Amino acid sequence: MNSPIFRTVAPFLTSLMLLFSLFVLLRGHNAPGGGFIGGLVAVAALAIHGAAWGVETVRRAIVFHPLSIAAFGLFLSCIAGFASAAAGVPFMTGLWVTVHVLGSAVALSSVMLFDLGVYLVVVGALLAIVLALEEEEGV
Amino acid sequence: MAASSVIDVSAALAAGPATAAQWLVVLPAASCLLLSAVLVMLWRQPRLQQLLAVAGLAFLVLVDLLLLRQVLATGPVTMVMGRWLPPFGIAFTADLTGVLMALAAALVAFVVCLSAAGERETSGRGDGFYPMLLMLMAGVSGAFLTGDIFNLYVWFEVLLIASFGLIALGPERAQIDGALKYAVLNLVATTLFLIAVGILYAVFGTLNMADIVMKAPDLRETAPLVTLTALFLLAFGMKAAAFPVNFWLPAAYHTPRPAVAALFAGLLTKVGIYALLRVTVMLFPPEREQLEPLIATVAVATMLTGGLGALAQNDIRRMLGFVVIAGIGTVLAGLSLGGPGGIGGALFYALHSMVLMTALYLAIGEAGRIGGSFSLAALGGLYGRHAGFAGLCLCLFFAASGLPPFSGFWPKAMLVKAALDVGAWWLAGAMLLSGFLLTIAFGRVFLMAFWRPAKETAPPVLALRWQAIGPLLLLAALVVGFGAFPELLLRTVQDAEITLDNPQAYLGSVFPQGAAP
Chain A
1 MNSPIFRTVA PFLTSLMLLF SLFVLLRGHN APGGGFIGGL VAVAALAIHG AAWGVETVRR
61 AIVFHPLSIA AFGLFLSCIA GFASAAAGVP FMTGLWVTVH VLGSAVALSS VMLFDLGVYL
121 VVVGALLAIV LALEEEEGV
Chain B
1 MAASSVIDVS AALAAGPATA AQWLVVLPAA SCLLLSAVLV MLWRQPRLQQ LLAVAGLAFL
61 VLVDLLLLRQ VLATGPVTMV MGRWLPPFGI AFTADLTGVL MALAAALVAF VVCLSAAGER
121 ETSGRGDGFY PMLLMLMAGV SGAFLTGDIF NLYVWFEVLL IASFGLIALG PERAQIDGAL
181 KYAVLNLVAT TLFLIAVGIL YAVFGTLNMA DIVMKAPDLR ETAPLVTLTA LFLLAFGMKA
241 AAFPVNFWLP AAYHTPRPAV AALFAGLLTK VGIYALLRVT VMLFPPEREQ LEPLIATVAV
301 ATMLTGGLGA LAQNDIRRML GFVVIAGIGT VLAGLSLGGP GGIGGALFYA LHSMVLMTAL
361 YLAIGEAGRI GGSFSLAALG GLYGRHAGFA GLCLCLFFAA SGLPPFSGFW PKAMLVKAAL
421 DVGAWWLAGA MLLSGFLLTI AFGRVFLMAF WRPAKETAPP VLALRWQAIG PLLLLAALVV
481 GFGAFPELLL RTVQDAEITL DNPQAYLGSV FPQGAAP
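Residue numbers (the working numbering), protein chains in the order written: chain A, 1 to 139; chain B, 1 to 517.
Honestly, the hints are just simulated from the structure, not real lab data.
Keep in mind that this is a model prediction, so the values were computed, not measured.
Ideal Cβ positions, reconstructed from N, Cα and C, are used throughout, including at glycine.
Be careful, since some hints might not be right.
[Said to hold, decoys possible] Computed footprint of chain A on chain B; a stretch qualifies when at least three of its residues, placed anywhere within it, have a C-beta under 8 Å from a C-beta of chain A: (1) 19-32; (2) 40-49; (3) 76-85.
[To be verified] Mimicking SDA-like on lysine to any residue, the simulated pairs with C-alpha atoms at most 25 Å apart in a straight line are: (4) B/Lys215 <-> B/Lys455; (5) B/Lys455 <-> B/Gly372; (6) B/Lys181 <-> A/Ile129; (7) B/Lys181 <-> A/Ala125; (8) B/Lys215 <-> B/Ile440; (9) B/Lys455 <-> B/Arg444; (10) B/Lys181 <-> A/Leu133; (11) B/Lys181 <-> A/Ala132.
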């Protein structure tokens with residue numbers, strides 16, 4: 001799209017939305033949000049960038065093929081399930097580790113890893129569709 | 001707020017560590033899913049993809065074998081997801097019926113993968129075949145091993161998505177056409193299934209199958225269970241290609257390449273059959289009895305459309321589509337009869353059909369390749385060039401028609417006997433008639449494509465490839481083996497029928513304490 005206003009605003013909007021998508025992802029454990037919605041927000045952000053600066057820019061920016069990203073997400077989610085085997089509990093049981101970073105306690109869990117996987121699956125799969133559509137339309 | 005944080009949830013959590021036997025229940029679906037993710041990431045390395053896929057499916061066969069051994073030794077095995085006990089959590093429960101189906105599916109997928117690996121060398125670079133094959137197997141294994149009816153729906157979706165991808169692989173226009181018909185009809189069926197699950201949840205307040213079995217007697221007086229069962233029958237009947245919702249199958253199955261068609265013919269309709277057995281025999285047996293006349297009518301119509309349709313086709317691949325349908329009709333006949341003979345026979349026939357239909361599609365795919373055509377008008381002279389291959393095909397044809405001494409004979413004998421025992425002579429007659437029609441149809445194929453000398457103008461018959469014949473021999477060995485020595489399978493199938501019909505052991509495995517909270 002050849003609008004100077006849109007082209008100027010798009011990078012800011014994209015970065016803001018990507019940041020927000022991560023916030024939604026991490027917030028998801030105890031409040032509305034999570035990997036799925038976070039992933040959708042991220043895809044919307046990248047779609048805006050693609051509309052403003054062309055699909056190629058987005059493809060370069062995400063480095064990997066969208067479907068590889070989705071597959072990596074699926075891989076992470078499966079790993080999060082299999083991690084339970086190491087702890088001797090049933091498949092998909094949540095495991096927690098508390099890490100102390102700079103004096104504050106951060107709770108990490110296999111649930112979070114699973115959600116991160118969902119995020120990547122949504123980003124990868126939807127981005128593959130969105131980019132293909134944008135390419136076809138020539139926006 | 002303070003009160004909510006002190007709720008003791010330990011009663012809802014499984015105590016004690018998970019055993020290796022329990023892990024075997026989730027491993028088939030989970031490992032396939034994991035491997036399919038890895039294979040997508042390796043899309044630039046087709047050789048490595050191929051190797052990993054073959055190794056992964058061999059592993060799947062091994063896991064299913066170990067699970068079968070476990071189930072035979074101790075009865076049904078259950079693992080709950082995330083330690084949440086049913087009915088809160090999702091349970092994976094493997095009983096004999098599920099494990100037998102899962103094992104047959106794994107074997108079929110392994111053989112198809114080997115055969116596709118041979119095909120691949122001629123067609124060049126890899127595509128999405130292997131990742132989607134593994135994803136399909138995740139869906140199929142999950143569907144056979146889950147103990148939760150909504151989860152069953154989820155696995156149906158997984159295998160459906162993978163099968164859409166597989167059927168659309170390739171550049172031909174006819175494939176897109178076939179894929180569309182397949183996709184639309186299956187989406188309708190899946191939606192009906194989802195609606196039925198929604199009603200089920202509204203009635204029972206639970207989705208765990210064992211829990212439903214326990215709650216059903218109290219609700220039988222008031223809840224519309226026959227309607228619900230009929231809805232399930234329609235949804236799964238569509239999946240299984242039962243008359244009158246079977247027209248998508250012959251319209252779609254001849255379009256993809258032989259390995260994919262073989263996989264579909266072996267697996268997809270049988271998942272519908274499995275779901276039908278699980279829901280009608282285990283969850284709602286009195287409702288099944290009420291629907292018996294309906295199921296029997298559908299079965300007869302399905303068998304006859306299959307037999308007549310097979311006779312009317314000139315394209316061999318299209319003909320095989322109708323053979324699949326005739327087989328489904330036979331299984332439905334068993335379902336309508338009930339009891340050890342009916343359900344056991346249906347289960348045996350479903351297992352036999354998984355192996356046999358895959359073998360038939362692979363064999364016909366190879367026959368079409370070496371003969372240069374799938375049309376009966378053009379083919380000829382295959383026997384003269386490859387007598388051994390023709391013999392192999394003839395064995396498979398006999399097995400599909402239900403002639404002894406191959407594996408198709410025993411389940412048919414069981415079913416005919418069961419039908420005559422209850423005086424359903426017309427059902428027995430329909431089974432025999434459909435077998436007779438298939439015999440004629442296959443006789444016609446053998447006569448025209450194999451026996452008849454090749455036409456003067458026809459291209460010369462090509463050489464066989466061992467990559468195609470090797471996997472085929474593996475399946476044919478099973479067909480002949482279980483035809484010659486059926487006792488082991490007969491006994492196992494009857495045991496499976498007992499646990500399905502009288503699921504005390506299944507319930508005990510899901511609720512070890514005896515009662516639901």
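For each hint, the structure was consulted:
1. 19-32: holds (count 4)
2. 40-49: Result for this restraint: holds, n = 3.
3. 76-85: Check passed, 5 qualifying residues.
4. B/Lys215 <-> B/Lys455: 66 Å, violated
5. B/Lys455 <-> B/Gly372: The hint holds at about 12 Å.
6. B/Lys181 <-> A/Ile129: Cα-Cα ~22 Å, so holds.
7. B/Lys181 <-> A/Ala125: 24 Å, holds
8. B/Lys215 <-> B/Ile440: 49 Å, violated
9. B/Lys455 <-> B/Arg444: 17 Å, holds
10. B/Lys181 <-> A/Leu133: 23 Å, holds
11. B/Lys181 <-> A/Ala132: Distance ~24 Å between B/Lys181 and A/Ala132 Cα, so the pair holds.
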